[in-house]
Amino acid sequence: MIINFDNSATTFPKPENVRYTALQAIEKFGGNAGRGGHRLSMLTSEAVYSARESVAEFFGAEPENTVFTLNCTYALNMAVQGIMQNGGHMIISSLEHNSVSRPAYRLAEQRKIVLSVAEISDSDEQTLQNFRSLIRSDTKAVVCTLASNVTGQITPFKEIAKMCSERNICFIADGSQACGVIEVKMSDGINILCTSGHKGLYGITGTGILVSDGKYRIPPIIQGGTGSGSADLHQPDVMPESLESGTLNTAGIMTVKAGIDFVKSIGIDRIFAHEDRICRTFISQISKSSEITVYRSPKAKYVPIVSFNVRGMNPERVSDILSEHGYCLRAGFHCSALAHRSLKTLQGTVRFSPSVFSRESDAYSLGLLVRNMTIQEKT
Amino acid sequence: MPSYTYAIKGAKLLNARGYPCEIKRTEKATGGCGYSIHINSSCSDALSLLDRYKIPYRLITDGGET
Numbered sequence: 000m001i002i003n004f005d006n007s008a009t010t011f012p013k014p015e016n017v018r019y020t021a022l023q024a025i026e027k028f029g030g031n032a033g034r035g036g037h038r039l040s041m042l043t044s045e046a047v048y049s050a051r052e053s054v055a056e057f058f059g060a061e062p063e064n065t066v067f068t069l070n071c072t073y074a075l076n077m078a079v080q081g082i083m084q085n086g087g088h089m090i091i092s093s094l095e096h097n098s099v100s101r102p103a104y105r106l107a108e109q110r111k112i113v114l115s116v117a118e119i120s121d122s123d124e125q126t127l128q129n130f131r132s133l134i135r136s137d138t139k140a141v142v143c144t145l146a147s148n149v150t151g152q153i154t155p156f157k158e159i160a161k162m163c164s165e166r167n168i169c170f171i172a173d174g175s176q177a178c179g180v181i182e183v184k185m186s187d188g189i190n191i192l193c194t195s196g197h198k199g200l201y202g203i204t205g206t207g208i209l210v211s212d213g214k215y216r217i218p219p220i221i222q223g224g225t226g227s228g229s230a231d232l233h234q235p236d237v238m239p240e241s242l243e244s245g246t247l248n249t250a251g252i253m254t255v256k257a258g259i260d261f262v263k264s265i266g267i268d269r270i271f272a273h274e275d276r277i278c279r280t281f282i283s284q285i286s287k288s289s290e291i292t293v294y295r296s297p298k299a300k301y302v303p304i305v306s307f308n309v310r311g312m313n314p315e316r317v318s319d320i321l322s323e324h325g326y327c328l329r330a331g332f333h334c335s336a337l338a339h340r341s342l343k344t345l346q347g348t349v350r351f352s353p354s355v356f357s358r359e360s361d362a363y364s365l366g367l368l369v370r371n372m373t374i375q376e377k378t
Numbered sequence: 000m001p002s003y004t005y006a007i008k009g010a011k012l013l014n015a016r017g018y019p020c021e022i023k024r025t026e027k028a029t030g031g032c033g034y035s036i037h038i039n040s041s042c043s044d045a046l047s048l049l050d051r052y053k054i055p056y057r058l059i060t061d062g063g064e065t
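Here the protein sequences line up with chains A and B, keeping their order. For the record, in the first sequence the residue sitting at position 330 is 329 according to numbering that gives the first Met the number 0, with numbers rising by one throughout. For the record, in the second sequence the residue sitting at position 32 is 31 according to numbering that gives the first Met the number 0, with numbers rising by one throughout.
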């Protein structure tokens with residue numbers, strides 16, 4: 000028995016139409032997209048373009064500003080390192096994933112940029128003030144997750160975007176934990192949106208997305224074959240190809256389209272309501288024990304993620320015990336060093352994250368198991 | 000066209016607006032590999048449509064690039 004509550008890492012199971020599309024992609028779309036004029040290549044290119052259109056429409060962007068990457072980490076690196084290529088000041092939030100904080104700290108250590116970290120409070124007004132107070136005349140970019148991958152806290156990203164727009168600062172958003180469970184549009188004021196294709200959008204692993212509103216040019220950090228202008232030794236300057244060097248993950252890209260179709264068929268609001276109800280069921284169970292800390296504030300809003308700890312137990316130990324009972328939950332630091340410094344969770348946390356396929360009864364049973372675990376550890 | 004993405008975006012637009020066309024590899028590309036939209040009829044109206052939708056292109060006639 001496997002009951003997956005680690006859907007923040009990647010959703011599993013995948014919808015039936017996604018599994019079918021993956022098979023079709025391998026069986027029929029075997030050309031290299033944008034790399035030839037023959038029938039197989041053109042057929043594959045059209046499938047990729049169709050996916051590009053779907054993603055663009057989903058986020059309110061243009062297809063040519065929609066870039067497929069290997070994962071959200073690649074997209075964020077392209078955005079951060081591309082936009083900051085010529086230096087300047089950058090602000091990131093205290094809840095950023097290592098995909099943002101590591102390239103940002105490296106650039107800062109190399110003295111290529113000046114970096115500031117804005118603390119995310121459980122009060123949106125305080126969070127905005129924290130960002131506002133760090134803005135300088137040379138601030139070039141602000142990077143903020145839409146929702147923390149550790150606690151699920153939703154940041155006031157629309158207000159941060161507005162703040163950036165008024166000052167001509169590029170706003171880069173990490174939508175990995177938000178896209179597919181809350182409505183995200185470029186019209187929210189996002190200049191560059193980076194997200195996974197395999198989490199809330201239900202594509203397969205190996206898929207990421209970078210969507211631009213076209214306002215800021217993103218110099219490529221990776222160069223190579225793009226299928227166009229191939230006699231030129233310089234990387235083409237036209238998106239999306241300028242940021243898509245190398246053969247695309249055709250099968251993955253096609254599953255992202257199928258995943259978006261699936262999400263749209265159910266509706267983002269319904270998906271959120273279902274997963275949020277499951278989180279509340281789980282929290283209601285574990286909150287009955289004074290030995291369990293849940294990292295949520297009544298003042299903040301959350302996507303369906305719950306981080307918790309059992310007093311006196313290492314998170315990895317908790318995860319191991321749950322795994323023995325068939326429950327899959329991720330423990331540790333969730334690749335978010337900054338977030339754990341901010342939360343003061345020095346051994347990390349255990350993270351519970353349902354998907355649209357999760358069942359409330361499983362969350363209830365898991366909650367009971369976690370509570371019993373605290374009793375057994377005491378005896 | 001500067002990229003396959005623009006080629007297919009342009010071709011879809013033109014076909015939808017009544018300008019039958021197809022995408023082919025460019026034979027006279029100056030920079031190497033590329034894709035073209037082939038329009039058999041008079042293309043001035045089609046070009047206006049591409050301009051209106053900000054789809055970049057280079058015009059190639061039988062006589063070469065212009």
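Note that these hints are calculated values from the structure, not bench results. Please note that the accuracy of each hint is not assured.
[Stated by the list, open to error] In the EDC-like style, the derived pairs of lysine to aspartate or glutamate whose C-alpha atoms are separated by at most 16 angstroms in a straight line are: (1) K23/B - E45/A; (2) K11/B - E52/A; (3) K139/A - D121/A; (4) K11/B - E21/B; (5) K300/A - D212/A; (6) K53/B - D212/A.
**Prompt:** Is it true that the CA of K139/A sits at most 16 angstroms from the CA of D121/A?
**Reply:** 26 angstroms, violated
**Asked** Straight-line Cα separation of K23/B and E45/A no greater than 16 angstroms?
**Response** 13 angstroms, holds
**Prompt:** Within a Cα-Cα threshold of 16 angstroms, do K300/A and D212/A meet the stated pairing?
**Reply:** Not satisfied, since the Cα-Cα distance of roughly 26 angstroms exceeds 16 angstroms.
**Asked** CA of K11/B to CA of E21/B, is that 16 angstroms or under?
**Response** 9 angstroms, holds
**Message:** Holds or violated: K53/B and D212/A, Cα atoms, limit 16 angstroms.
**Reply:** 14 angstroms, holds
**Message:** Does E52/A sit within 16 angstroms of K11/B, going by the straight-line distance between their CA atoms?
**Reply:** Holds: K11/B and E52/A sit about 11 angstroms apart, inside 16 angstroms.
Of the numbered hints listed earlier, those contradicted by the structure are 3, 5.
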